[in-house]
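K.L.:
Produce the complete structure using the sequences and hints provided.
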Amino acid sequence: MRLDHLSYAAGPDGLDSTAERLAGELGVELVDGGIHPRFGTRNRVLPLAGGHYLEVVAALDHPAADKVPFGQAVKARSEAGGGWLGWVVAVDDLAPVEERLGRPAVGGHRLRPDGFDLVWRQIGVMGLMNDPQLPFFVHWESDPAEHPSKGGHDVELLSLDIAGDPHFVTAWLGEPEDHPLDDVDVRWLPPNGGPGVRSVRFRTGHGEVTV
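Under UniProt numbering, the sequence shown has 61 at position 61, and the numbering climbs by one with no breaks.
These are calculated hints, taken from the structure and not from any lab test.
Every value quoted in this text rests on a predicted model; they were computed, and no experiment measured them.
Some hints could be false.
[What the hints assert, rightly or not] In silico SDA-like pairs for lysine to any residue, Cα to Cα no more than 20 Å straight-line: (1) Lys-67 x Asp-114; (2) Lys-67 x Gly-108; (3) Lys-67 x Arg-103; (4) Lys-150 x His-109; (5) Lys-150 x Val-184; (6) Lys-67 x Ala-80; (7) Lys-67 x Gly-127; (8) Lys-150 x Ala-90; (9) Lys-150 x Glu-29; (10) Lys-75 x Gly-11; (11) Lys-150 x Gly-205; (12) Lys-67 x Met-126; (13) Lys-150 x Phe-116; (14) Lys-67 x Gly-107; (15) Lys-75 x Gly-194; (16) Lys-150 x Asp-183; (17) Lys-150 x Gly-194; (18) Lys-150 x Asp-117; (19) Lys-150 x Asp-92; (20) Lys-150 x Gly-115; (21) Lys-150 x Thr-204; (22) Lys-150 x Val-31; (23) Lys-150 x Arg-103; (24) Lys-150 x Asp-114; (25) Lys-75 x Gly-108; (26) Lys-75 x Ala-90; (27) Lys-75 x Asp-16; (28) Lys-75 x Gly-127; (29) Lys-150 x Arg-2; (30) Lys-67 x Pro-37; (31) Lys-75 x Met-129; (32) Lys-67 x Met-129; (33) Lys-150 x Leu-26; (34) Lys-67 x Val-106.
P.N.:
Spelled out as C-alpha coordinates, the structure:
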(Lines of atoms letter the chains of each structure in order from A; the text may use other names.)
(Lines give C-alpha, C1' and ligand atoms only; values in the text may rest on other atoms or scores of the structure.)
Protein backbone atom coordinates (compact mmCIF):
# COMPACT_ATOMS: atom_id res chain seq x y z
CA MET A 1 0.00 0.00 0.00
CA ARG A 2 1.31 3.45 -0.92
CA LEU A 3 1.28 6.68 1.06
CA ASP A 4 -0.55 9.39 -0.87
CA HIS A 5 -0.22 12.46 1.32
CA LEU A 6 -0.02 13.94 4.79
CA SER A 7 -2.39 16.51 6.27
CA TYR A 8 -1.27 19.21 8.70
CA ALA A 9 -3.95 21.36 10.35
CA ALA A 10 -3.35 25.09 10.53
CA GLY A 11 -2.79 26.53 13.96
CA PRO A 12 -4.53 29.50 15.60
CA ASP A 13 -2.43 31.89 13.49
CA GLY A 14 -4.20 30.67 10.35
CA LEU A 15 -3.45 28.87 7.13
CA ASP A 16 -1.00 31.35 5.62
CA SER A 17 1.14 31.71 8.72
CA THR A 18 1.27 27.96 9.33
CA ALA A 19 2.21 27.32 5.69
CA GLU A 20 4.91 30.01 5.83
CA ARG A 21 6.39 28.47 8.98
CA LEU A 22 6.57 25.02 7.40
CA ALA A 23 7.97 26.52 4.21
CA GLY A 24 10.75 28.08 6.26
CA GLU A 25 11.58 24.75 7.90
CA LEU A 26 11.60 22.84 4.60
CA GLY A 27 13.17 25.56 2.48
CA VAL A 28 10.42 25.60 -0.16
CA GLU A 29 7.16 27.44 -0.74
CA LEU A 30 3.72 25.86 -0.48
CA VAL A 31 1.27 26.73 -3.24
CA ASP A 32 -2.40 27.64 -2.94
CA GLY A 33 -4.28 24.39 -3.43
CA GLY A 34 -7.78 25.84 -3.47
CA ILE A 35 -11.04 24.98 -1.74
CA HIS A 36 -12.79 21.70 -0.81
CA PRO A 37 -16.40 22.86 -1.34
CA ARG A 38 -18.00 19.76 0.17
CA PHE A 39 -15.80 19.78 3.27
CA GLY A 40 -15.68 23.48 4.11
CA THR A 41 -11.88 23.58 4.03
CA ARG A 42 -9.04 24.97 1.94
CA ASN A 43 -5.39 24.09 1.70
CA ARG A 44 -1.87 24.93 0.68
CA VAL A 45 0.14 22.17 -0.95
CA LEU A 46 3.75 21.11 -1.21
CA PRO A 47 4.39 18.55 -3.98
CA LEU A 48 7.08 16.09 -2.90
CA ALA A 49 9.35 13.66 -4.67
CA GLY A 50 8.14 10.09 -5.08
CA GLY A 51 4.49 10.86 -5.81
CA HIS A 52 3.67 12.23 -2.35
CA TYR A 53 2.51 15.63 -1.18
CA LEU A 54 1.99 17.60 2.01
CA GLU A 55 -1.12 19.70 2.56
CA VAL A 56 -1.68 22.35 5.19
CA VAL A 57 -5.42 22.59 5.65
CA ALA A 58 -7.78 24.97 7.47
CA ALA A 59 -11.52 25.06 8.06
CA LEU A 60 -13.52 27.84 6.47
CA ASP A 61 -16.32 29.76 8.12
CA HIS A 62 -18.81 27.55 6.31
CA PRO A 63 -21.59 25.18 7.47
CA ALA A 64 -19.87 22.19 5.82
CA ALA A 65 -16.95 22.49 8.23
CA ASP A 66 -19.34 21.68 11.07
CA LYS A 67 -21.30 18.94 9.30
CA VAL A 68 -18.86 16.91 7.18
CA PRO A 69 -16.34 14.59 8.93
CA PHE A 70 -13.23 15.97 7.24
CA GLY A 71 -14.20 19.56 8.01
CA GLN A 72 -14.98 18.58 11.59
CA ALA A 73 -11.62 16.84 11.96
CA VAL A 74 -9.70 19.83 10.59
CA LYS A 75 -11.59 22.31 12.74
CA ALA A 76 -11.10 20.25 15.91
CA ARG A 77 -7.35 19.84 15.30
CA SER A 78 -6.91 23.54 14.57
CA GLU A 79 -8.83 24.51 17.70
CA ALA A 80 -6.53 22.19 19.67
CA GLY A 81 -3.52 24.16 18.44
CA GLY A 82 -2.93 22.69 14.98
CA GLY A 83 -0.33 20.17 13.90
CA TRP A 84 -0.31 16.80 12.20
CA LEU A 85 -3.86 15.78 11.36
CA GLY A 86 -3.33 12.44 9.67
CA TRP A 87 -1.89 10.28 6.93
CA VAL A 88 -3.65 9.15 3.78
CA VAL A 89 -3.01 6.03 1.70
CA ALA A 90 -3.81 5.60 -2.00
CA VAL A 91 -5.58 2.51 -3.30
CA ASP A 92 -6.37 1.41 -6.84
CA ASP A 93 -9.63 -0.24 -5.79
CA LEU A 94 -11.79 0.95 -2.90
CA ALA A 95 -14.15 -2.04 -2.99
CA PRO A 96 -12.06 -4.27 -0.65
CA VAL A 97 -11.71 -1.37 1.79
CA GLU A 98 -15.43 -0.65 1.67
CA GLU A 99 -16.13 -4.31 2.37
CA ARG A 100 -13.65 -4.44 5.24
CA LEU A 101 -14.95 -1.24 6.87
CA GLY A 102 -18.60 -1.99 6.12
CA ARG A 103 -19.54 1.31 4.48
CA PRO A 104 -19.27 3.05 1.12
CA ALA A 105 -16.69 5.61 0.10
CA VAL A 106 -17.76 9.22 -0.45
CA GLY A 107 -16.83 11.66 -3.17
CA GLY A 108 -14.49 14.58 -2.69
CA HIS A 109 -13.19 17.34 -4.90
CA ARG A 110 -10.96 20.39 -4.69
CA LEU A 111 -11.32 23.43 -6.90
CA ARG A 112 -7.84 24.74 -7.65
CA PRO A 113 -7.14 28.43 -8.26
CA ASP A 114 -6.54 27.66 -11.95
CA GLY A 115 -10.12 26.39 -12.23
CA PHE A 116 -9.31 22.69 -12.46
CA ASP A 117 -11.51 20.45 -10.31
CA LEU A 118 -9.61 17.54 -8.72
CA VAL A 119 -11.91 14.57 -8.06
CA TRP A 120 -11.50 11.51 -5.84
CA ARG A 121 -13.32 9.12 -3.54
CA GLN A 122 -12.35 8.52 0.06
CA ILE A 123 -13.26 6.41 3.06
CA GLY A 124 -12.14 6.24 6.69
CA VAL A 125 -12.24 9.85 7.88
CA MET A 126 -14.57 8.88 10.72
CA GLY A 127 -11.91 6.39 11.81
CA LEU A 128 -9.33 9.19 11.85
CA MET A 129 -11.66 11.38 13.92
CA ASN A 130 -12.22 8.67 16.49
CA ASP A 131 -8.64 7.40 16.54
CA PRO A 132 -5.96 9.67 15.00
CA GLN A 133 -3.49 6.81 14.52
CA LEU A 134 -5.67 5.48 11.70
CA PRO A 135 -5.15 6.68 8.12
CA PHE A 136 -7.94 7.16 5.65
CA PHE A 137 -8.03 5.88 2.08
CA VAL A 138 -8.26 7.75 -1.20
CA HIS A 139 -8.79 6.71 -4.81
CA TRP A 140 -8.12 9.43 -7.37
CA GLU A 141 -10.53 9.76 -10.28
CA SER A 142 -8.86 12.72 -11.98
CA ASP A 143 -6.12 12.24 -14.56
CA PRO A 144 -2.92 11.08 -12.79
CA ALA A 145 -1.11 13.97 -14.47
CA GLU A 146 -3.12 16.30 -12.21
CA HIS A 147 -2.17 14.59 -8.94
CA PRO A 148 -1.05 17.17 -6.35
CA SER A 149 2.44 15.67 -6.24
CA LYS A 150 3.13 16.77 -9.81
CA GLY A 151 5.57 19.58 -10.35
CA GLY A 152 7.23 18.66 -7.08
CA HIS A 153 10.41 19.91 -5.51
CA ASP A 154 13.29 17.63 -4.61
CA VAL A 155 12.02 17.45 -1.02
CA GLU A 156 11.53 13.78 -0.17
CA LEU A 157 9.40 12.24 2.56
CA LEU A 158 11.54 9.66 4.35
CA SER A 159 9.64 8.33 7.35
CA LEU A 160 6.72 8.72 9.73
CA ASP A 161 6.69 8.43 13.50
CA ILE A 162 3.23 7.29 14.54
CA ALA A 163 2.08 6.81 18.12
CA GLY A 164 -0.25 3.86 18.22
CA ASP A 165 -0.82 0.14 18.07
CA PRO A 166 0.84 -1.32 14.95
CA HIS A 167 -1.28 -4.48 15.07
CA PHE A 168 -4.52 -2.49 15.16
CA VAL A 169 -3.46 -0.01 12.48
CA THR A 170 -2.16 -2.61 10.04
CA ALA A 171 -5.35 -4.64 10.47
CA TRP A 172 -7.23 -1.47 9.49
CA LEU A 173 -4.94 -1.14 6.47
CA GLY A 174 -5.06 -4.83 5.58
CA GLU A 175 -1.25 -4.87 5.42
CA PRO A 176 1.56 -6.71 7.30
CA GLU A 177 2.57 -5.20 10.61
CA ASP A 178 6.25 -4.99 9.66
CA HIS A 179 5.58 -3.44 6.25
CA PRO A 180 2.47 -1.22 6.31
CA LEU A 181 3.62 1.02 3.43
CA ASP A 182 5.58 0.14 0.30
CA ASP A 183 7.29 3.48 -0.10
CA VAL A 184 7.81 5.14 3.30
CA ASP A 185 9.28 3.84 6.55
CA VAL A 186 7.00 3.84 9.60
CA ARG A 187 8.29 3.87 13.16
CA TRP A 188 5.77 3.00 15.87
CA LEU A 189 5.86 4.88 19.16
CA PRO A 190 3.97 4.26 22.40
CA PRO A 191 0.68 6.20 22.36
CA ASN A 192 1.60 8.16 25.47
CA GLY A 193 -0.10 11.53 25.23
CA GLY A 194 -2.50 10.28 22.58
CA PRO A 195 -2.25 8.42 19.28
CA GLY A 196 -1.51 9.85 15.85
CA VAL A 197 1.30 11.15 13.63
CA ARG A 198 3.97 12.60 15.90
CA SER A 199 6.64 13.65 13.44
CA VAL A 200 7.71 13.31 9.83
CA ARG A 201 11.26 13.20 8.49
CA PHE A 202 12.07 14.87 5.16
CA ARG A 203 15.19 15.12 3.02
CA THR A 204 15.54 18.70 1.77
CA GLY A 205 18.08 20.69 -0.17
CA HIS A 206 19.73 21.69 3.11
CA GLY A 207 19.71 18.29 4.80
CA GLU A 208 17.24 16.17 6.72
CA VAL A 209 14.47 17.97 8.60
CA THR A 210 11.99 16.58 11.11
CA VAL A 211 8.65 18.35 11.46
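K.L.:
Would you mind marking each hint as holding or not holding in the structure?
P.N.:
Outcome of the hint check:
1. For a cut-off of 20 Å, the pair hint linking Lys-67 to Asp-114 is broken: about 27 Å separates their Cα positions.
2. For the hint pairing Lys-67 with Gly-108, the CA-to-CA distance comes to about 14 Å; that is within 20 Å, so the pair holds.
3. Annotation: proposed proximity of Lys-67 to Arg-103 holds, straight-line Cα distance about 18 Å (limit 20 Å).
4. With a C-alpha separation of about 17 Å, the suggested pair Lys-150 and His-109 falls inside the 20 Å cut-off, and the hint holds.
5. Distance check on the hinted pair: Lys-150 and Val-184 sit about 18 Å apart at the alpha-carbon level, within 20 Å; holds.
6. As the CA atoms of Lys-67 and Ala-80 are separated by approximately 18 Å, the hinted pair is consistent with the 20 Å bound.
7. Restraint check: the Cα-Cα separation between Lys-67 and Gly-127 comes to about 16 Å, which is no more than 20 Å; the hinted pair holds.
8. Restraint check: the Cα-Cα separation between Lys-150 and Ala-90 comes to about 15 Å, which is no more than 20 Å; the hinted pair holds.
9. For the hint pairing Lys-150 with Glu-29, the CA-to-CA distance comes to about 15 Å; that is within 20 Å, so the pair holds.
10. Restraint check: the Cα-Cα separation between Lys-75 and Gly-11 comes to about 10 Å, which is no more than 20 Å; the hinted pair holds.
11. Annotation: proposed proximity of Lys-150 to Gly-205 holds, straight-line Cα distance about 18 Å (limit 20 Å).
12. Note on Lys-67 and Met-126: the hinted pairing holds, with a Cα-Cα distance of about 12 Å set against a maximum of 20 Å.
13. Among the hinted pairs, Lys-150 with Phe-116 is consistent with the structure: their alpha-carbon atoms are about 14 Å apart, no more than 20 Å.
14. Distance restraint check for Lys-67 and Gly-107: the Cα-Cα separation of roughly 15 Å lies within the 20 Å cut-off, and the hinted pair is therefore satisfied.
15. The suggested pairing of Lys-75 with Gly-194 holds, with an alpha-carbon distance near 18 Å, which does not exceed 20 Å.
16. Between Lys-150 and Asp-183 the CA atoms are separated by roughly 17 Å; this keeps the pair inside 20 Å, and the hint holds.
17. Restraint check for Lys-150 and Gly-194: the C-alpha separation of about 34 Å exceeds 20 Å, so the hint is violated.
18. Among the hinted pairs, Lys-150 with Asp-117 is consistent with the structure: their alpha-carbon atoms are about 15 Å apart, no more than 20 Å.
19. Using a Cα cut-off of 20 Å, the hinted pair Lys-150 and Asp-92 holds, with the two alpha carbons roughly 18 Å apart.
20. The suggested pairing of Lys-150 with Gly-115 holds, with an alpha-carbon distance near 17 Å, which does not exceed 20 Å.
21. Taking the CA atoms of Lys-150 and Thr-204, the gap is near 17 Å; set against the 20 Å cutoff, the hint holds.
22. Taking the CA atoms of Lys-150 and Val-31, the gap is about 12 Å. The hint holds against a cut of 20 Å.
23. Note on Lys-150 and Arg-103: the hinted pairing is violated, with a Cα-Cα distance of about 31 Å set against a maximum of 20 Å.
24. Taken as a hint, the Lys-150 and Asp-114 pair is honoured in the structure, with Cα atoms around 15 Å apart against an allowance of 20 Å.
25. For the hint pairing Lys-75 with Gly-108, the CA-to-CA distance comes to about 18 Å; that is within 20 Å, so the pair holds.
26. Pair hint Lys-75 plus Ala-90 does not hold up; C-alpha atoms about 24 Å apart against a cutoff of 20 Å.
27. Between Lys-75 and Asp-16 the alpha-carbon distance is near 16 Å, which keeps this suggested pair within the 20 Å criterion.
28. For the hint linking Lys-75 to Gly-127, the alpha-carbon distance of about 16 Å falls within 20 Å, and the restraint holds.
29. Taking the CA atoms of Lys-150 and Arg-2, the gap is near 16 Å; set against the 20 Å cutoff, the hint holds.
30. Distance restraint check for Lys-67 and Pro-37: the Cα-Cα separation of roughly 12 Å lies within the 20 Å cut-off, and the hinted pair is therefore satisfied.
31. Proximity of Lys-75 to Met-129 is assessed by CA-CA distance (about 11 Å); at most 20 Å being required, the pair is judged to hold.
32. Annotation: proposed proximity of Lys-67 to Met-129 holds, straight-line Cα distance about 13 Å (limit 20 Å).
33. A distance of roughly 18 Å separates the Cα atoms of Lys-150 and Leu-26; the hinted pair therefore holds under the 20 Å criterion.
34. At most 20 Å may separate the alpha-carbon atoms for a hinted pair to count; Lys-67 and Val-106 meet this at roughly 14 Å.
The structure is inconsistent with the numbered hints 1, 17, 23, 26, although it conforms to all the rest.
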